[in-house]
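Modelling step: build the complete structure from the supplied sequences, incorporating the hints.
As a plain string of letters, each chain reads:
2 protein chains.
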Amino acid sequence: MSLVETDDVESGESISLHQRILSDIREKILSGAWAPGHRIPFEHELTAEYKCSRMTVNKALSQLAKAGLIERRRRSGSFVRQPQSQAAVLELHDIRIEVEALGLPYRYERLKRMKRRSSAEDRSRLGLPAPGPVLWLEGLHFAGERPFALEQRLINLSAVAGAAEEEFFEIAPGPWLIGRVPWSEAEHRIRAVAADESIADALDIDPGAPCLVVERRTWSAEHPVTHVRFVYPAESHTLVARFTPSQG
Amino acid sequence: MSLVETDDVESGESISLHQRILSDIREKILSGAWAPGHRIPFEHELTAEYKCSRMTVNKALSQLAKAGLIERRRRSGSFVRQPQSQAAVLELHDIRIEVEALGLPYRYERLKRMKRRSSAEDRSRLGLPAPGPVLWLEGLHFAGERPFALEQRLINLSAVAGAAEEEFFEIAPGPWLIGRVPWSEAEHRIRAVAADESIADALDIDPGAPCLVVERRTWSAEHPVTHVRFVYPAESHTLVARFTPSQG
DNA sequence: ATGACGATTATGTATATACATATCGGGACG
DNA sequence: CGTCCCGATATGTATATACATAATCGTCAT
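Chains as they are written, first to last, in full-length UniProt numbering: chain A, 1 to 248; chain B, 1 to 248.
Calculated from the structure, these hints are not laboratory results.
Glycine residues also receive a C-beta, built at the ideal position from the N, C-alpha and C atoms.
All clues stand as given, with none of them false.
Residues from chain B that keep clear of chain A, each with C-beta distances beyond 10 Å, as calculated:
1. Phe79
2. Leu102
3. Ser124
4. Pro133
5. Ser158
6. Ala159
7. Gly162
8. Ser198
What follows is a set of in silico ranges between Cβ atoms, one per label pair, in the way DEER data are often shown:
9. B:Arg73 with A:Lys28: 31 to 37 Å
10. A:Ala120 with B:Cys52: 45 to 51 Å
11. B:Arg81 with A:Arg229: 25 to 31 Å
12. A:Gly179 with B:Pro175: 41 to 47 Å
13. A:Lys115 with B:Cys52: 49 to 55 Å
14. A:Leu104 with B:Arg39: 55 to 61 Å
15. A:Ile15 with B:Ser53: 21 to 27 Å
16. B:Glu121 with A:Asn58: 54 to 60 Å
17. A:Lys66 with B:Glu167: 44 to 50 Å
18. A:Ser198 with B:Gln19: 47 to 53 Å
19. B:Asp201 with A:Arg229: 28 to 34 Å
20. A:Lys66 with B:Lys51: 25 to 31 Å
21. A:Pro41 with B:Gly103: 50 to 56 Å
22. A:Arg229 with B:Phe169: 37 to 43 Å
Quick look at the structure:
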């Protein structure tokens, strides 16, 4: 699938009109200019603005609706959706809930925070086609006094308005993002590793001890949003996921 | 999690025509009736078959293309795509396919096989309410000459009749079961462990080396079918799973 | 053979039009 | 005052049509 997205307006690129409309609106939503609940212009208004037929506008809006960014209601119009709080991934990765389910007090502590222009490695991790501003975060999730998980996160600042101003001192970026950015797709990579020096140090375990590493990339309407890596000490964690076959 | 957006409402008769076309074709592809590489009918042929305009057919095919199920080429037609390797890894977990995707020859070798009346531990692993016959299997999956994964499996014989007569000498029980028992639900537990003596021995790695352990329980119409534990050496494997939020 | 080139073909995008459908609001009526 | 119904309105789906674009095929000339 194509991550070809064009937020740049310059240079007569040969993207189709309905894609440009879609991309314009997505930009408004992801930048925060149109908040959740905001009513998007009616089809006939966009028709006038872009000087095209309703079918063309409709195509763009239908795709945004399918991507989950907007919600369409007959007779009322189209609205920016509330970000979905999600069961599927939540089940996997709301660490606070997992910790509290163990009956232990939860705490998040920021280790590092750096705003920078994306390096080549950043772009490859996020799946970004072009350079842009990103936010790098590192933090620790605690269960009681013990480190429960190490988090290393990269946020695509051009997709998440407002993240640049957030300090994330004691607020974990995961819940913060879920409350603000609707996600349309997520990819998980799960593997086991031996703890290296820095991981062992952060998690207070022995170097070489087995750890579970969960990496997640998240997209919103084909826009990369964030890449996060969780490192769990082996004893502390089991992931559970339930599936029902997709009736295809 | 889905390969294609499953926004179909099924039971209702009020599905739009382009959705019915889309769903018909998806059915043919996912059922295997149209193998990868197969050329699906031209738009003008589908136009005739469904007695509708080309735009309607085009809408269905465009969505299938965006979902990644088919690939469209001007002048040539539309073709069923090669299965996207990672989409259903967690769901199916067919090790042969994973190994062959690496370009390595695959082989399965049985280590142990025992038919017995379920012990208390067996019942707890399978989620069985009452004692009954079970089959215990242990085997090794090879990628080339190297062990790729250790498999320990419990099959509920009262749910899977023919399994008792199968030797599983070089046939892995996973694919065998999938071909015979439709599953309606699966639960995965994923964690990292340090290899103990017997695991290290079977996988030919050092004791204490990190391993990824994936356990799966499967049900068919509320009947426990099988419990399986895969143990992967850390370097050999990354699980990949893609999710799309279910929009309620 | 081989390479150039135009005709053919299937898809890609956009248009104008039409009617269906859900729903909000307001007016008629009990 | 509440309820039912009806018209207005935005979206949902489908049609016929048009032209653009990319790729393939056959033909013809070198």
